[in-house]
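> Under our numbering, the first residue of the sequence shown is numbered 1, with each subsequent residue one higher.
Please note that a few of the clues may not be correct.
[To be verified] Taking CB as the label site, the calculated pair distances span:
hint: 1; residue 1: GLY494; residue 2: GLU388; range: 46 to 54 Å
hint: 2; residue 1: ARG312; residue 2: THR17; range: 34 to 42 Å
hint: 3; residue 1: ILE47; residue 2: ASP336; range: 24 to 32 Å
hint: 4; residue 1: PHE106; residue 2: LEU136; range: 45 to 53 Å
For the record, the hints were derived by calculation from the structure and aren't laboratory data. All C-beta atoms in this analysis are idealised placements derived from N, C-alpha and C, irrespective of residue type, glycine included.
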Amino acid sequence: QLLSAAATYVAASVGWTATNLLRQDLTEHTLSLDMSFHNARTSGEMIERIDGDITSLSNFLSVFTVRVVGGILLVVGILVALWLEDPLTGGALTAFAVLELVVLSFTRRAGVPASNLEREANAQLFGFIEERLQGLDDLRGNGAGAYTMHRFGRVMRTAYRDTRRAWMLRSVVWLSSYGLFVVGLAVTVGTSIYLVQRGAITVGAAYMVFQYLLMLHEPIEQITQQLQELQKAAAGMTRVGELFATRSALPPGGAARLPAGALGVRFEDVRFHYLDVDDSQLTLKGVSFDLAPGKRLGLLGRTGSGKTTLTRLLFRLYDPTHGRVLLSGVDARHADLHHLRERIGLVTQDVQLFRGTLRDNLTFFDPTVDDAHVIEVVHEMGLGAWLERQEDGLDTVIDSGGRNLSAGEAQLIAFARVFLKDPGLVVLDEPSSRLDPASERRLQAAMDRLLEGRTAIVIAHRLETVERVDEILVLDGGTVAESGSRERLAADPGSRYARLRRAALSLDLNLASGDRSADADILEDLA
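With the hints as extra help, turn the sequences into a complete structure.
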């Protein structure tokens with residue numbers, strides 16, 4: 001018993017260590033895949049694929065070897081003892097054991113395809129739950145609880161159906177083994193009764209054969225149970241292998257490194273479409289512009305004009321379908337991908353904050369960043385007074401999504417995070433669009449400090465946001481409708497930018513006077 005316990009402990013330790021390393025490798029591989037892969041899958045589905053599929057392996061690895069090897073040794077020991085005691089009985093039970101093992105070998109994969117479907121159904125279930133929890137406020141606010149539960153019931157029924165089918169097919173192994181045992185037991189009892197009546201064997205000998213058959217079935221039953229677990233593990237291994245075999249649509253980057261300091265940005269006849277559309281539906285259509293190091297570019301355009309897509313090409317989340325994206329003369333496709341993303345900072349409307357300390361959220365969990373430097377940056381970004389009010393300082397716990405922060409505080413933390421990164425290019429995706437005027441003024445001051453000495457691309461939906469930029473680029477339907485220096489375009493009454501400024505001023509006057517008759521036309525111009 002002590003030996004069995006020790007072997008089980010060692011096997012469990014090895015199994016969990018191996019699967020934890022596998023989780024780490026699989027997570028790293030998944031994070032390296034391109035955005036088209038992640039856009040097609042929910043976060044909940046990926047969690048189930050990385051953790052759920054591998055957990056089925058850990059349960060298998062922790063006990064399979066010990067129990068199967070132990071069962072086989074016990075079967076061999078019983079058969080050897082039978083051969084030494086009575087060769088005829090030993091031969092008969094050896095044939096029975098071989099027949100059982102042959103049947104098990106043929107049925108051991110009966111449930112693997114169904115187990116694959118079961119794992120997929122579970123992944124879809126977790127994905128559904130994750131999506132609904134993420135949108136909880138909207139679901140409650142729009143009274144969509146009943147509809148959500150109806151959909152949840154459908155997803156649950158699918159998961160139940162696939163789980164039940166997988167369980168039944170995995171049970172084929174056990175049913176086959178148990179069926180053979182019942183047949184063997186019936187044959188043994190019938191033969192023993194016949195031989196006892198003829199005086200060929202004694203009742204004691206018949207009982208011994210019956211008892212040996214029961215002893216032989218116990219380790220075979222143990223092996224059968226592990227073969228059922230093997231089918232679950234095989235499904236998990238298949239899905240893990242498929243995920244590892246998935247390759248990023250982005251070719252590997254080169255080894256080129258970007259120069260220090262502010263980065264120049266150049267787009268040369270860039271065309272782009274997403275993988276799920278054809279070539280006729282280009283998102284960017286021949287976009288070209290040149291932004292000198294240290295300059296600020298204001299990016300204007302209607303929703304869907306390609307502004308966000310353009311910035312995604314800078315980070316090499318996608319590659320252009322045609323043309324080149326150059327950063328200080330280095331083609332983004334030839335740059336070291338990790339280094340390239342280290343040199344670009346991003347602040348969006350929706351700040352991603354993690355459950356952890358303020359320090360962790362500012363440094364992205366990098367323990368090498370000095371606290372004194374972090375505090376200095378926090379003060380630089382205008383959060384010094386707020387930090388001093390926190391009893392725990394940098395150890396203040398931030399809720400997931402920053403629920404215990406105001407929108408302005410979350411945005412300033414995002415600015416400080418980018419400042420600590422010290423990038424050569426900063427991309428701002430309308431970070432002030434959800435703030436009140438007081439918070440926006442604080443943010444504008446922080447923005448000036450952040451962008452000092454750096455190249456910047458500012459995606460703007462409001463003209464106030466681009467008052468501090470040097471260049472203007474207006475996108476319309478994926479093409480460059482207008483570009484040039486902000487001052488020159490503002491002075492040209494025929495430019496689109498000047499018309500937008502006049503429309504914005506007219507809108508402000510209408511709102512101030514309470515006259516909304518022309519709002520629709522003006523807002524259309526602003527779009």
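> A separate judgement is required for each hint: does it hold in the structure or not?
Here is how each hint holds up against the structure:
1. Remark: the range hint 46 to 54 Å for GLY494 to GLU388 is upheld by a beta-carbon distance near 52 Å.
2. As the Cβ distance of ARG312 to THR17 is approximately 38 Å, the hint placing it in 34 to 42 Å holds.
3. At roughly 30 Å, the beta-carbon separation of ILE47 and ASP336 lies within the given 24 to 32 Å, and the hint holds.
4. A beta carbon spacing of about 49 Å between PHE106 and LEU136 agrees with the range 45 to 53 Å that was offered as a hint.
The structure meets every hint from the earlier list without exception.
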